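Based on the hints, put chain B in the right spot on chain A.
Listed here are the chains, written in short residue letters.
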Amino acid sequence: MKRTVLKTAFLAASLFIAAPTLAHAAWTKTWVIEWFEPAHIYGAKTGVIDPGTDCPAGTNNSKPEIDWVDVMVKAGYTREEAVWLRDPANPTRSPVNGQNQMAFRGKDRANVYINPTSFPESGNFLPVSGTQAEGINLDGNATTGFVSPAGEKGIDNNFYKALGCWKTYRAPERLSSGALQFNDTMRNGSYTLVVVASGEGKDPMNDPNVTLGIYNSPDKLVKDGAGNISRDYTFRIKPDAKLEAVFKAKSVKGRITSTEAMDEVWMRNPGYDRELQLLKARIDFTMKEDGTLRGYVGGYRPWMPVYVGWVNARGPVIESLTWVSLPDVYYALQRYADYAPTPGGERTHISFALRVDAIPAYVMKPDASTTVAAATSYKAQAPAVVAAVAPASPYRAGGTVDGIVVGRGGAVSQTPDQLRPPAARIAAGTQ
Amino acid sequence: MRKRISLALLAAAAVAVSGGVGMTALAQSGAAAPATIVKVATRRITESQYRNTIRDAFGPEIKINARFEPEKREGGLMAIGASDLSITSSGFEQYFSLAKSISDQVLDPKVRDTHVPCKPADAKKADDACTKAFVEKYGEMFYRRPLTAGEVAARVKTAQLGAAGAEDFYAGLKLALTSLLVAPEFMFRVETAEPDPANPKQYRLDGYTKAARLSYLFWDAAPDAELRAAAASGALHTKAGLDAQIARLQASPRMQDGARAFFIDMMQFEAFDGINKDPANYPKFSQAVADSAREQTLKTVVDLLVTKKRDYRDLFSSNETFINRHLASVYNVPYASAQEWAPYTFPAESQRAGILTQVTFLSLFSHPGASSPTKRGVKIHEIFMCEPTPEPPADVDFSKVQALDKGTVRTRLLAHMENEGCASCHRVSDPPGLALEHFDGLGQLRTKENGTVIDVSAEVEGKKFTGAPGLAKYLRDDKRIPQCLVRNVYAYGVGRPTDERDEDYIADQTKAFGAKGYKYPELIGQIATTPEFFKVRVPSGATPVPPGPPAKIAQAPAGANR
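Note that the protein sequences, when read in sequence, are chains A and B.
Heads up: the first sequence begins at 1 in the working numbering, then just goes up one per residue.
Heads up: the second sequence begins at 432 in the working numbering, then just goes up one per residue.
If you are wondering where the hints come from, they were derived from the structure by calculation, not from laboratory data.
The structure displayed is predicted, hence computed values, not measured ones.
Some clues are possibly wrong.
A partial selection of chain B residues facing chain A, derived with a Cβ cut-off under 8 Å [what the hints assert, rightly or not]:
no., residue
1, Q536
2, Y713
3, R756
4, A759
5, S760
6, N763
7, P765
8, Y766
9, A767
10, T776
We treat Cβ as the ideally placed atom computed from N, Cα and C, and that holds for glycine.
The following block holds chain A by itself, in its conformation from the complex (with noise of 0.2 Å):
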């Protein structure tokens, strides 16, 4: 079969002298992902926004968009200051420093962004109500939870009942902006990861003990004269102390699925929070003939990371190209959080699925040296982590303080208003 290392007595005795330390699988498949995004399902038949089983009403905010400027009246804001802020004309909308103002509409003029209970929730943002749902069951509970295309009971996938209808998360599988988005940056080389199967049965499409490795790898993607991302190239292993994924899973009849829930997995994420940690991670994958892997990859993950990466990405911004105010995905998500990793503690996960499409590829030993022999955990190769000093905010990031942009040195233009962050928590990064 392709790209299945078959335990011969040659590959065997080379592998061994090339690797002693490393354990050998009988049979070991690979791929590169070329495609994930959050596993949500797009209930209408038509168009990207229209109404449909998923979400009655279309998608949120579509009809009618939010009238930004009766949101800053409401706000305090007089009309003609609202008008003038929302005014394209007005220099301090320029690229640089976005619509900031919109910020500063909670309670007593607060900053929305870091302090997204000061602003109440409109109301607008509504959950998926459909009852179908793709994913994984992360509970084994069949009574709760969604139930998927295929008729699966008990499918846990929060994240989706919570974001699905944000025009960021909802269209046909690979349209939606946020997709489109974070698999172009993928796509076109910032990052690339690879997926590695390996049993210790004779036959790879059922085997009992199945291990899937999903690791980052410092090679790029590369497109074929299509625009497709190309077959058959080959990847190293990046060992990385924390982003590895590794499952213990059987293989039924070409399904490889988690016969046990990883406590805690790490691995890249296609969105502004770029680590994503899985608690009771699980995985659904299915190989298919012609060789690719298309899956799930499922847990709980901490909510929090989420709201903080979509204002990291510049509050304004994100709320006047995606429909929506932000606070409202705060409210959505803390109230559909469903995982708390201390009995009795707080909601602090929310149960969440990646759909993963996968190609063949070859995956090579950090070194290059062989492909990889089975999957298995390399962090014990990578480079010492230096521990990062704790940011005093996680309102931070690039060019970005508690969600609006700054200017070099950290500069705030506001005219007419100036209305901006103070100066010593622009130095800080506190407030």
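Using the frame of chain A, we list chain B on its own:
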């Protein structure tokens, strides 16, 4: 205020001073001043020769961003077509723009001290002595001979005007350099002959022409200082002097440049300029794959023939090559290296054998959406056996071979060959190509076409073989293969196609080539040491004139050097 000087006007003036191609005043230096000189050929330098000259003069940092004039293939080689080429007006604009760009880079204030051999007395004024030193130094590199006093004086005058107008010595020097770079004496190799003192009534190539022939054959570059010195001293007219220079050229790593240029020409790599593949059939094809394939074949050729000095015929059978990530994907093998390129040997099960089973040959000589045994077979005969195939008749019906969704190409070709007019050529051209049918139009391994198992058996002149390995053995044993290389090397070096008068020479050289183990570097040296390599065929109608300042060179009628 800086006065703008028309660069075009100045350059044109410089060209006028030199008289243009065919009216070139020739430097009269060397041990033996000839009584008369005859121009026997002009050959436009190729893009690689231009680039190599600039690199040799000013270093690899100089960026050469330009679209060069298209070259012309004649008698199987671009090197022969170069003798027929001129420069169009739009092409001259390109060269002129490039010359200005090079001048700007060379005389950029940050680096000019490394290029200018002197300091002007006053950087705001012209300095004739410094200009003269600069022009003489680089002019000799570009013209492949020392400049005449008139040629130098024209550039000094140009620099004077430029410096005065701009109040900047280096602005004037830029104009002088630009003028040199657009001079026909640089862009064309002017080959001249002089009376042979040892053979009255006979001509011999002058020393600088000999030096250029040697240098372009071995290094694809203009003669270096040592070779020019050997030309000036007359050493190249002696066996000892010639042998010494050939040995030096052969021993240099720059032989790789020469080999690359020769095989780019012989293997018709200009086809890469127009290569196109249907992404529906060959999604893996991309410009990166095309560029990689080209480089793979060149690396293979240079490694086998120049570095390892292997038997030329190994090109058709050796599976030693180099790959990168892009090619590894097409060949569907892992790329076990963190470097850009890595050595690789195809295993036996790959069914590959030699350069004919690399992506270059397999994809260049296929259709955009399908393989083509006919194209491949035709090119094997044309490129490696020197046996061109006639063009198909204008009214030929291709419909049966274009029905790509049925059967294999073999069955389609058999149907096509029901036309006896087609069959006569296809019987010769197709069998080698059919042996390569396990590789699709991109060069990817396959065993079936439209669900039908592909038959890769072939028979040529009663010799039966199967698949690429069988074809490799057939070619390796075919006498036409080394003989064609000898013919091409000779024609490439002298810039004209061989004819019946050369047959005995080609036969002798092929025999000697075999006696030395079919080593390519040996062949180059062997040919360069023969009198035929410098043999002068005085153009009919040429009227030798005595040299004098300025000396006029007799005009050769068009194509006379053929």
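Problem - Structure-inconsistent hints, enumerated in ascending order - result: 1, 10
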